[in-house]
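This is what each chain is made of:
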Amino acid sequence: MNTVKRTVSRAFMARSFGMPPLPYEYSELAPVISAETLSFHYDKHHTGYFNKLTAHAESKRPDLKGKSYEDMVVDQEKFVQNQAGQIYNHDFYWKSMSGTGGGEPTGALAAKIAEDFGSFGEFKSQFQAAVGAHFGSGWVWLVQDKLNKKLAIMQTHDAGTPIADPNLQPIITCDAWEHAFYIDYRNDKPKYAEAYFKIVNWDFAAKNYIA
Amino acid sequence: MAATFSLPPLPWPADSLASKGMSAEQIDFHYNKHHKGYVTKLNAAAEKRPELRGKSVMDLIQAKDATYNLASQIWNHTFFWNCLSPNGGGAPTGAAKQAIERDFGSFDKMKKQFSDAAGGHFGSGWAWLVQDKNNRLKVHQTHDAGNPIPDGLKPVLTCDVWEHAFYIDYRNDKAKYVNSFWNMVNWDFVNAQLANSRL
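Each protein sequence line maps, in turn, to chains U and P. Letter 132 of the first sequence, counting from 1, is numbered 1351 in the numbering used here, and no numbers are missing. Letter 15 of the second sequence, counting from 1, is numbered 510 in the numbering used here, and no numbers are missing.
Simulated pairs of lysine-lysine, DSSO-like, Cα-Cα distance not exceeding 27 Å:
# : chain 1 : residue 1 : chain 2 : residue 2
1 : U       : Lys1263   : P       : Lys669
2 : U       : Lys1426   : U       : Lys1331
3 : P       : Lys531    : U       : Lys1410
4 : U       : Lys1417   : U       : Lys1369
Listing some non-contacts, in silico: residues in chain U with all C-beta distances to chain P over 12 Å:
#  : residue
5  : Val1251
6  : Ser1278
7  : Glu1323
8  : Gly1326
9  : Lys1331
10 : Ala1333
11 : Glu1334
12 : Gly1337
13 : Ile1372
14 : Asp1384
15 : Asp1422
16 : Ala1430
Stretch-level coverage of chain U by chain P, calculated; a stretch enters the list once three of its residues show a Cβ under 8 Å from a Cβ in chain P:
#  : segment
17 : 1258-1271
18 : 1387-1399
These aren't lab readings, by the way, just hints derived from the structure by calculation. Just so it is clear, CB atoms sit at the ideal spot from N, CA and C, and this is done for glycine as well.
Here chain P stands alone, though its shape is the one from the complex (with noise of 0.2 Å):
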């Protein structure tokens, strides 16, 4: 039976982000044991529910759907990938730099309220940079799978703080992995975020 749900490509090949911090171990562990698994385990589940065969997964996201947890972790690894890039680092360009100075004053205090809030977390979750009803940017926390779209929240931006994130790499050091985000952050899919519409 051909399965419902896919497991997108990683954007770049998975050794290319070793040299701004994150191993090629790392991602061969987090994309194809642990997002792949809940494509895999999603899959299962509509192998017993025909209903979800042709939903997406933001559509078992809005419904609340039983197999929120699964889904609401695929899109957001799948989202996840994309705010990364071998390119990636430096300062903000275009509309999220306007936007950030905007929002939070300086990309610097944006970065410092992003990066407690990640660090800071307890237990598992995603630190966000979302734009708000009003089109703000404000930095969010999800706990566990959650996804803040559902919440009328637009995510521009995210970074994983599940320790499978980090561990092979930092082990207990999140601070340091949160700093070797910002090496990584593709500002251009950012944008391209800012310039979507709304789900």
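Isolated chain U, as found in the complex (with noise of 0.2 Å):
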């Protein structure tokens, strides 16, 4: 894969509301997530809800712009919920994931999981499962509620988020439509969420974490 998608991704920054680049190259996360699954799924998917939701702004909605995106998923208007939701949710899934990622997390995070889950590996059971579980198309996070600090796995479907609710902080995502595994492991969703493990990115998850 080459390189120039960068660049076309730096542009994207200059647009009002703005889309982060892929954070890494597209071979970045192989073998978990081929560099063939990121190039559809970044350049297709997220980059698809960026423009339609840029086109939106455009044509019918200027109030758009300089909106952040903690505005847009609670907008009148379900497709503005349903883009800026989905722009948002991928970006998070980029950054929880790191080809240098996997392992367990350590310090406070890891202290509050064994806390709040009993362990580490009740914890990733739990979060597996609900990966498994989900019907239909959507995503699965660890969040923090803000108020009592006590972490918590959410399943949201569709494009839904947490950042539609104040309280909640999300400390990582994981992509449960289709679109996310389906090059790499077919209907076997399962799979796919074991492997997420060996990527996850604990150093973006800690920075998320309010101790």
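Mind docking these for me? Both chains are given alone in their own frames, and the hints should help you get the complex.
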């Protein structure tokens, strides 16, 4: 795969509400997630949502320019909620993964996972089960309640996102839409969920965690 | 223990739609993993819940049972395979032709509305041509496992727009998949649905 896409992605930053580039090369997450998957997923799906929202903003909703994603995911128009939700969710998903990821969290986040789930192993099982069990398109998240600091696994459907709730802090996410895993895993979503843990970016997770 | 729910066979060989744009691999995964998977899971549920045995999948759909998603996906997929044929495609015939022209103005207009619905559906779901309570044909969408029958709508044609239905052959290009769907539509089956009394 070529690196031209990164330059194109930077051009997006100049547009209204902006769309961050893929944080790494297409080959970064292989073999867990192939370069082919990353190129379709980022260039077609993620970019597609951004293009649709941009076109909508330009033709019908100039008020969207300058709005935060937190505002757009609760917009009066379902179309805006969907596109904005998917743009945000996908960006969070790329950041939730790394070619040098995997293993287990450390420090305060690790301690909190052990406290709220019993053990990292138990958390991992529950998270993977949620990915496998989600019916239809959606996302699985580790979130933190900003008030009581408790961690929880949350499923959102279609373009749903925890940032619609100002009280929730997302920590990591796994995309459970079929386009996320079908090239590499076909129907075997549980195998994808298992492999995801080989590339979780616990540094990103730790930055999101509220100590 | 004998299985309560069974997977109906495909109406045609799995490689017979390849020349029309649906590969053997696409059908193999769709039928043997997804469709069969729902049947396996429903039978597992029936092992634990004897009251499910002896019911049809439509019974479970109408009852909004806890197994609705599984039952409805089984029903929807069976209907979908029957909507396709290696001898299909072309323009509607018979009663379907008349009803489509009456209710949409032309086949092209119906095709555009249906294709827009299929292409525009956000997330997983199905695009349908249904007959409403006044026997008028309409384009209808259901989300996830949704089935139109409990809403009083009689399905006559469906297109699966879950990503697993097209991702092997078309990747993200759902519009191209929907375009190919028209090459395979089994108008004989559509006519048979029109002629059937409602469930």
